[in-house]
Amino acid sequence: MHNGAEHAAAHAASVIFGLDPTWIAVSILLVVYGIIMAEKFNRAVLSMLGAGLMILCGVITQHQAVAGIDFNTIGLLTGMMVIVTISQKTGMFQYVAIKAAKVVKGSPWGVLVMLSVVTAIFSAFLDNVTTVLLIAPVTLLITDALGVRPYPYLFAQILASNVGGTATLIGDPPNIMIGSAAGLSFYDFLVNLTPIIPLILLVMLVAIWLMFGRDLHASDENKALVMRFDESEAIKDPVLLKKCLTVLFLVIGGFTFAHALHLEPASIAMFGAAALLLLQTLGFPLEEKDHVYESVMAEVEWTTIFFFVGLFIIVTGVEHTGVIGLLAQKTLALTGGDFDATVAAILWVSAIASAMIDNIPFVATMIPLIHSMAPTFGGADALVPLWWALALGACLGGNGSLIGASANLIVAGFAQRAGHPIAFLTFLKHAFGLMLISIVMSHLYLYFRYLT
Amino acid sequence: MLAKNVMVADMVTALADEKVEDVLHKMRSAKLRMLPVLDADRRVIGVVSTFSVMERVVPSYIVTGDLNQIPYAPDMGVLHRHFEEVRGLRADAVMDAKPLKVQADESLLSVAAAMISYKKHEYAMVIDDDGCLLGIISAGDVLDRLSQDGLIDA
Chain A
1 MHNGAEHAAA
11 HAASVIFGLD
21 PTWIAVSILL
31 VVYGIIMAEK
41 FNRAVLSMLG
51 AGLMILCGVI
61 TQHQAVAGID
71 FNTIGLLTGM
81 MVIVTISQKT
91 GMFQYVAIKA
101 AKVVKGSPWG
111 VLVMLSVVTA
121 IFSAFLDNVT
131 TVLLIAPVTL
141 LITDALGVRP
151 YPYLFAQILA
161 SNVGGTATLI
171 GDPPNIMIGS
181 AAGLSFYDFL
191 VNLTPIIPLI
201 LLVMLVAIWL
211 MFGRDLHASD
221 ENKALVMRFD
231 ESEAIKDPVL
241 LKKCLTVLFL
251 VIGGFTFAHA
261 LHLEPASIAM
271 FGAAALLLLQ
281 TLGFPLEEKD
291 HVYESVMAEV
301 EWTTIFFFVG
311 LFIIVTGVEH
321 TGVIGLLAQK
331 TLALTGGDFD
341 ATVAAILWVS
351 AIASAMIDNI
361 PFVATMIPLI
371 HSMAPTFGGA
381 DALVPLWWAL
391 ALGACLGGNG
401 SLIGASANLI
411 VAGFAQRAGH
421 PIAFLTFLKH
431 AFGLMLISIV
441 MSHLYLYFRY
451 LT
Chain B
453 MLAKNVMVAD
463 MVTALADEKV
473 EDVLHKMRSA
483 KLRMLPVLDA
493 DRRVIGVVST
503 FSVMERVVPS
513 YIVTGDLNQI
523 PYAPDMGVLH
533 RHFEEVRGLR
543 ADAVMDAKPL
553 KVQADESLLS
563 VAAAMISYKK
573 HEYAMVIDDD
583 GCLLGIISAG
593 DVLDRLSQDG
603 LIDA
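Chains as they are written, first to last, in this note's numbering: chain A, 1 to 452; chain B, 453 to 606.
FYI, nobody ran anything at the bench for these hints, they're computed from the structure. Ideal Cβ positions, reconstructed from N, Cα and C, are used throughout, including at glycine. A hint or two may mislead.
[Stated by the list, open to error] From the derived model, a few chain B residues whose C-beta atoms are all more than 10 Å from chain A: (1) Glu470; (2) Arg494; (3) Val496.
[As the list claims (entries may be wrong)] In silico DSSO-like links for lysine-lysine, alpha-carbon gap of 30 Å or less: (4) Lys571(B) to Lys471(B); (5) Lys456(B) to Lys483(B); (6) Lys289(A) to Lys571(B); (7) Lys550(B) to Lys483(B); (8) Lys89(A) to Lys571(B); (9) Lys471(B) to Lys572(B); (10) Lys478(B) to Lys456(B); (11) Lys572(B) to Lys289(A); (12) Lys40(A) to Lys429(A); (13) Lys236(A) to Lys571(B); (14) Lys553(B) to Lys471(B); (15) Lys89(A) to Lys572(B); (16) Lys99(A) to Lys242(A); (17) Lys236(A) to Lys572(B); (18) Lys40(A) to Lys550(B); (19) Lys572(B) to Lys550(B).
If we strip away everything but chain A, and leave its shape as in the complex, we get (with noise of 0.2 Å):
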């Protein structure tokens, strides 16, 4: 923020042993940050003592802090969630990745490709981790009845789901926090960052053609017996899937039409979730609906949200003090002034940056620098370009190690249990040089595009 020497001034008085406001929150922030990095700790337990940290030593006051938390970004990410914990208990996951394998008749590398795909498509409208939490068990249940090794299924399913969630503006938190930040609508990440995706998500498969798909084999048998499972079994209920698909489809209409009718993404994910919530038990008897809705709340993943509570209240603290801006204006001269470098410098340090680190407090710091270079480049309508650099280069810098995102972990952890361990390293080698491709491709694509 330009202003931001006078907040620290303003404040400087009711600093802890009047200590410097910019030492202590700057200390916060990396203290923070290092452990959730170690991870040793629950992180939302983490950003919520530094949240608490940075009011109590007086950065900022509980009035300043909650006025930094985005409540849009709290709001659609706790609608969807409520939205899909209802829909998952449908089957209608479980259907289209059965459905899927079978229209390609159990071929091992159909079903490696349809998988992918079907992860992509479900990672673009659903958080990522909720997408690999439903179709990585399915996913094992088909390898092993195809008897082929699950690795590259589940490598594969890893990058698409950063691929496929990068697409839009609900498919991973780092875009949900862009767009509600720079005022960019789903609309806008539909036109401007979803086109590319297909083409990455292509290169990526044939690069694992390349590299497993051509040794998949599958004796007869076994692709009988994929033949053999029976998707119309996985729909429980079959009149609760009506509702789910009707309030789906309405909320990702609305999040279409929300920029058209003055409305942001959070009042139509939470107008959805309280809708559906509303559905799906009438007709129930009132301690029957009570005890679905209980069971509804305590799934939605209070973790996550509590987690984004306490990180933008730790960036304010941050952004108060001036030292974003001071490290906007570093970055500038670093980059010359020169729009195309800048394009570029954020596209590539968010994408080695989010293979390395949780992006999501990446980008949560990003956001207020990015902000403040508004005045170098002619106004926060010329920064457009500068959101889709750091949007791509977040989400899909998660594919570039094991760590990259949770999505990529919760894999990895059923992988172990299912008694195929993902080493770090062999991910790494098989990763790495797919994400810089990733980069390339969208480093050339926001060249074309936004830069000539």
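Given chain A, put chain B in place with the hints provided.
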């Protein structure tokens, strides 16, 4: 009525390093569904049951992956393959390591309440102060005792 009056002290037990295959054989010949697993000092360290073995035979990705019921899946020989592996494991690898333990001088009311409320255990291990096994109480033992007492009263 105390736990020590109800418990069955004449028990078949398994050792931690016994093979699952042998444990299952013991259970079959004694017509039991579970055996307490003891360490070298006769302390209870867990319980092997038909259920705890089956938990290992079903692929864990099905159980932990929210799939639970998979009416759409055919039999794929996967249970057979897993069972072959599990048979060769040690008893302590497949046991439930948190069985319900009760003290010998606990009341029958306390034992019965613990059995139904603490994760629904069908058996309670009666132990002494050193954790050594004195006897076992099953849900059936509790009910049998109640009906016997009823007969005496009548």
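Status of the hints after comparison with the structure:
At the 10 Å boundary, the C-beta of Glu470(B) stays outside the reach of chain A, the nearest C-beta of that chain being 23 Å off. For Arg494(B), the shortest C-beta to C-beta distance to chain A comes to about 33 Å, beyond the 10 Å cut-off, and the non-interface label holds. The beta carbon of Val496(B) sits about 28 Å from the closest Cβ of chain A, which is more than 10 Å, so the claim that it is off the interface holds. Taking the CA atoms of Lys571(B) and Lys471(B), the gap is about 27 Å. The hint holds against a cut of 30 Å.
The suggested pairing of Lys456(B) with Lys483(B) holds, with an alpha-carbon distance near 23 Å, which does not exceed 30 Å. At most 30 Å may separate the alpha-carbon atoms for a hinted pair to count; Lys289(A) and Lys571(B) meet this at roughly 25 Å. For the suggested pair Lys550(B) and Lys483(B), the alpha carbons sit about 23 Å apart, so the restraint of at most 30 Å is met. Restraint check for Lys89(A) and Lys571(B): the C-alpha separation of about 24 Å stays at or below 30 Å, so the hint holds.
A distance of roughly 27 Å separates the Cα atoms of Lys471(B) and Lys572(B); the hinted pair therefore holds under the 30 Å criterion. Between Lys478(B) and Lys456(B), the direct Cα distance comes to roughly 25 Å. Compliance with the 30 Å bound is thereby established for this hinted pair. As the CA atoms of Lys572(B) and Lys289(A) are separated by approximately 26 Å, the hinted pair is consistent with the 30 Å bound. A C-alpha spacing of about 25 Å is found between Lys40(A) and Lys429(A), which places the hinted pair at or below 30 Å, so the restraint holds.
Among the hinted pairs, Lys236(A) with Lys571(B) is consistent with the structure: their alpha-carbon atoms are about 27 Å apart, no more than 30 Å. Only pairs whose Cα atoms come within 30 Å are accepted, and Lys553(B) paired with Lys471(B) is accepted, the gap being roughly 24 Å. Restraint check for Lys89(A) and Lys572(B): the C-alpha separation of about 26 Å stays at or below 30 Å, so the hint holds. Proximity of Lys99(A) to Lys242(A) is assessed by CA-CA distance (about 18 Å); at most 30 Å being required, the pair is judged to hold.
Of the pairs offered as hints, the one joining Lys236(A) and Lys572(B) holds, with about 27 Å between alpha carbons and a cut-off of 30 Å not exceeded. For a cut-off of 30 Å, the pair hint linking Lys40(A) to Lys550(B) stands: about 26 Å separates their Cα positions. A C-alpha spacing of about 12 Å is found between Lys572(B) and Lys550(B), which places the hinted pair at or below 30 Å, so the restraint holds.
This entry satisfies every hint, going by the numbered hints stated previously.
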